[in-house]
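Chains as they are written, first to last, in the numbering used here: chain W, 33 to 597; chain F, 88 to 321.
Hint data in this document are derived by calculation from the structure and do not stem from the laboratory.
Warning: the hint list may mix true and false statements.
To be verified - Okay, the calculated beta carbon distance ranges per label pair: (1) W:P520 - F:E277: 41 to 47 Å; (2) F:Y266 - W:A519: 23 to 29 Å; (3) F:P123 - W:R589: 39 to 45 Å; (4) W:E277 - F:Y266: 39 to 45 Å; (5) F:P123 - W:A528: 40 to 46 Å; (6) F:H264 - W:P510: 45 to 51 Å.
Stated by the list, open to error - Beyond 12 Å from chain W on every Cβ pair, some chain F residues (computed): (7) T200; (8) S220; (9) E277; (10) P285.
Since we're looking at a predicted model, the values are computed, not measured.
Positions of the beta carbon are idealized from the N, C-alpha and C atoms, including for glycine.
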Amino acid sequence: MTPPVRTLAVWVPDWPLVAARVDPGTIAAVLRAGRVWACTGAARVAGVVVGLRRRDAQSRCPELQLIPDDPARDARAFEPVIAAVETVVPGVEVMRPGLCVVPSRGGARYFGGDDQLTVQVRQMVRSRTEVACRTGVAGGPFAAVLAARADQVVPPDGTREFLAPMPVELLGQPELAELLRRLGLTTLGDVARLPAPDVLARFGPDGAQAHRLARGRDGHSPTARVPPLELAVSCELDPPADRVELAVFAAKNLAEQVYDRLVDANLACTRIRIEAQTEHGEQFGRVWRHDGPLTAVAIAERVRWQLDGWLAGTAPAVQPTAGVTLLRIVPEEVVTAAGRQLGLWGDGGSAAARVTRALARVQGLLGPDAVMTAQVVGGRGPAERVRLVPWGEPRTDFGPATWGPGGFRPGGFASGGPGARSSAPDDTRSGDSGSDGSGSDREGPDGAPRVRDERNSKPWPGALPGPAPATVLPDPRPAVLSDASGAPVGVTGRCAVTAPPVRLVVAGGVDLEVVAWAGPWPVDERWWDSATHRRKARFQVAPRSGPAWLLALEHGRWWAEAVYD
Amino acid sequence: MAAASVLSPVPRIGTMVPGVERHRGPAGEQLLPVIPGLASLFPEGGLRRGSTVTVADSTSLLLALLSGASRSGAWCAVVGMASFGAVAASESGIALDRLALVAQPGAAWQSVTAALLDAFEMVAVCPSTRVSSTDARRLAARARERGSLLVPLGPWEGADLRLSVTRQHWNGLGDGHGYLRGHQAEIHAEGRGSFARPRQVQLWLAGEDLAGRPAGSTTAAPRSAAVVVREVVA
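In isolation and in its complexed conformation, chain F is listed as follows (with noise of 0.2 Å):
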């Protein structure tokens, strides 16, 4: 009894050391969170650690994809990507403070992610030069032994999930008035093991308050963007 009442406080730790918090998953490995508006794509609820995601066709999708870990403590790299747009990752969410840019790695790319990857939860990578399979494989064991994530961008031999932007579009602009307001974004997930299944999911990329949210889950939503949620399990 006085042992229970002695260790109740413990979980409480987690709220006061700086780090990520732990998300397990059913099958017990730790999972980095992800905004409520990709929750669908992830049946376990959250990015399995270790594991490689490929990001395709829009910086967006990886802003969105990095900030869901980053709200929540974790460290994140970008590499190989000078034209990374920093005001909006802050806009996502995602702490500037916590996020290292090597924007031009040249040829070093291979070491230098290999060397984020031991440090960082997640790693954004746009290879510069061709991958080949042994590469790939590599820095995916990286990924894999030190628990953290790869996010290359573009296609990538072995990935575990494939996200691409199906579809996009921007509203809020009209015909010479306006501004672009939000960004809905229809994301196609697909892979290995779990996600063999392809899964689609409609979301929010950018716009007033809405960043991260499923479309259509909100009343606020522009009304030009009147967009039905819908999961396709195709």
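One chain only, chain W, in its complex shape (with noise of 0.2 Å):
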């Protein structure tokens, strides 16, 4: 068995009465089921005790003063005791208010010993909360709380030895305890002398839990980190759900069951995760960004747009291919819950809140991928610099364009794992959006800006000088250049044109003279990837009045890409 984690106990005493800010001095007593819970020292002095009946007490003391128990205030007051604690070591374990352990090792480690922790700890917690605490360190919770009743510092070694005179009664199981002492084994060191296989088989479990803890072996170490809320929720699909409506109805059930896991927390959400898997294992996840807390109404609401816009989208490349089987909500960003602050002159809160109704009211139309907001990232042609971000998702990452400026680093750097990155700074960071596309990569820090800056001001061999074109053609539209014989123009390949060009005809009516021209602008991409190379050559024509034309040749066709209007 593994030795107990050395651990810091950081003890108040008299915590309801510090918590309700009762002078010691005073003679009182707080109550809990009719029985003295805790007394300040002058009750103490007066005669009264923890455990003493109401009556007997007040006979004891006609003068005490009872105070209203309030489990909430104690816990309440003893948060920023935590907080100072947590300063200093990370890792509290509360026990109770009044009462907290930490895994002292780091700490003790760090100030140089478990004595100069405890020094750290006690003024930390002085000066932050005008508290008086006592410190103990030991081996095992058990060990380290009598050792801040005690106050001291127990050796690694020594936990057994400082356990060995403690009366039986403190291992916290009365009737044990009453039957260990009629057996005349009085203190945790007669305990402790016992076979554990005998006291096991005499006692059960119970007794050998409490050998356990005698022997300075405390099974039970804090954990060392204090784990999240629980907050997402999921369910199940079966039959999977084919349908919006089949999905929604369970969407809605799941919507409550997080708002009021999120109620009991006391916490508003204001970013959710929607996540779907359906029968063929494909996963689906979108956030949902929300600038006022959003309600278990708002949250069904977004989950069945978000379902809307999966099972009857519009685009087919993310449309499932199966039935849905499950769902999941998870909250992602949380808040306090302080009820929402609209604007003072009824004009609704501020311009940023207004736009996020109304936007969502938009997508609530035509669904989320409605509303797009456009980020400019590095690319060659005026489609490929931009990237559509749907309104509410974190606009950090960039998306499938995983590929190097310089056209010749392969994609999937991702792999390269945090080592790789710090130890390349210089190039790596375009590599770092994950072209998996999995859940977590999605959001990324702050400083997504810069890093997109730093993306831009990348050389893109190929790219077109100047202003971007104003009108960029979804889908380019085919035309021809022709040179003054009527004959296409042609590009060699040394990248000549095989005639100046004199006349532009594109689909939908247009039919210029050329005037003026530039290029090729050749680009030669992905050519180690057959499915998505492209080569083509880019060519910017402009009539003597009107609008320019950026064209592009690719396998001796011409196409219109994009309008200089």
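Starting from the two chains in their separate frames, assemble the complex, guided by the hints.
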């Protein structure tokens, strides 16, 4: 069995009275369930002890002042103390208001010993909260708490000796303690001397646990990390939902569950992630952000919109191929519920809040992917330089554009890991986006704009200079660029035009005389990947007056890509 | 006296609170700022909130119109323009994080526009279906009520102001060399009320450091663009 974790316990004596701001000089006590739960030092001098019945306590000390019991107040008031301890050592575990434990090894190493650590903790607690606390260090929380009562640091191998003279009542099992006492085992040292198998055989698991504690082998170790609140909910759909209506019904319940959990935790959610899994194992995820806290209805609404977008979606690329079998709602950003503050003069809050509401309405009409915000990224053609991000998604990563600006690096740098990134900070950022599109990669740190600039500033050989075209055709239009003899203009293998162009005809009724032109800007992209490999040459052509055109020659055919109008 | 000294910092609040600067015209109505090159088109010094301004024939002109308001913190939306050049928008000074694009509203473009007019200072809309005069009036009324600017692309019945590009020219391009550098355009404006008198202005719509300036107003203009600035009052 592993030795118990060195543990620091911080104990504030008579916490309920400290929390109630009762002066230690007054004779006062807090009762719980008719018995004295805690009392001041003055009350103790007057004969009041913890556990005494109310009538007995009042008969011993008629001037005893009774303070109302309020566990919520105790817990609330203890929070600053925990925070103060946490500034010295992380990983505090609260055992009850007034008492907390924390693994001490790291802190002791940092400050140069357990003694220095306890001094630090006490100073910090005193300076931040004006509360005098006692500290103790021993192996395991049980011994540490007892050490804190004695306000001492037990040496690493002295836990058993420290516990030996303690009475068996401290084990926290009154029935067992009574039995042990009748058997003549009055101290923890007596219990510890018994052979473990015999204790287990005679007293059962409770006895074995008591035996372990008495030997200073506290199996319970304080968790080094406060586990985050589990707020996510999921539900399985059986049979799989292949229509929106079926999934929406489940989603509504799910949204209410999430909301209830949030309310229980006194939290409000400003960002949720909706995840769905299909029969074929496809995973879909989308983050929804909201300016104010999301209500149950708002969450349900967003889940419905999202399912609408997936199941009845207009984009076949993101459409599930099978019914949805699993739905999950994960609150990603929670804030303390404080109600929502609306604008004072009835303008419905800030501009951003109004915009968010209006866009939520549009998303309700058309689906969540209908509203986009644009982001300028690196690229050669005008269409490649824009990344459209659905409204509400974080505008931080670069989506599928994983290849580097030089065009010579294959995608998939994401496998480089954090170490690789830090070792080559100059060029691995662009591969940071995570080509797998997995959920957690999408929320980058706030440094994203800097990253974006860095990526933009990279040279993109073959990129077009000058102002960008104001109109970028989503689908390039077929065009014909012809020379003086009426033959189509071509580009030789050495990137020279076969003849100067004089006439441009674009599908859709454009027929103009070319008076100025420039090019080609040759582009040979993704040559390592036969599926996405593109080779084209771009030209800018301008008529005498009117908008100029951006053309591309690909596989011997001319296309109009954009208009400089 | 004491009250005055307390109140004096109040105008600075506008700089602290993110939001649109409230420009006021002589008549007291609120104005949305425009870029300097377009200023001479607007006798009041800006676009009147709640009005309807159509833009024809040029996306660059729309960008120029949006950028003035966007630079001052306004939220803009563009409905029904799948071909909207976001890079050009960013170059013209439009803040892309305050720009919403609804590329394909389909038949619902009117409801979408109406919803956006509630919140956005400027909503540009390219109708995908024919606009009846009732619809046009309804949306214009919505814009007026909300104090937003409706910018339809193409014909629109009852618009307060109609902007169009009468002439445009790109320079920087030679016979097989150079690249498109500067975009000069002549803008024609006419409408109702104070805009009943048609106006014209020439300006740079795009180009190095020139975008948004009146043509010829800067010595840094490319040589080939020796066009004299003129404001024609027809």
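Quick rundown of the hints versus the structure:
1. W:P520 - F:E277: 41 to 47 Å: holds, 42 Å
2. F:Y266 - W:A519: 23 to 29 Å: This hint holds: roughly 25 Å between Cβ atoms.
3. F:P123 - W:R589: 39 to 45 Å: holds, 43 Å
4. W:E277 - F:Y266: 39 to 45 Å: violated, 55 Å
5. F:P123 - W:A528: 40 to 46 Å: For A528 of chain W against P123 of chain F, whose Cβ atoms are near 43 Å apart, the range 40 to 46 Å holds.
6. F:H264 - W:P510: 45 to 51 Å: Taking Cβ atoms as reference, H264 of chain F and P510 of chain W lie about 27 Å apart, which means the hint is violated.
7. T200: Given a closest Cβ separation of 9 Å, the condition is violated.
8. S220: holds, 24 Å
9. E277: Its Cβ never comes within 12 Å of chain W, the nearest being 21 Å, so this holds.
10. P285: At about 20 Å from chain W, P285 of chain F clears the 12 Å cut-off, so the statement holds.
In this structure, the earlier hints numbered 4, 6, 7 are contradicted, and the remaining ones agree with it.
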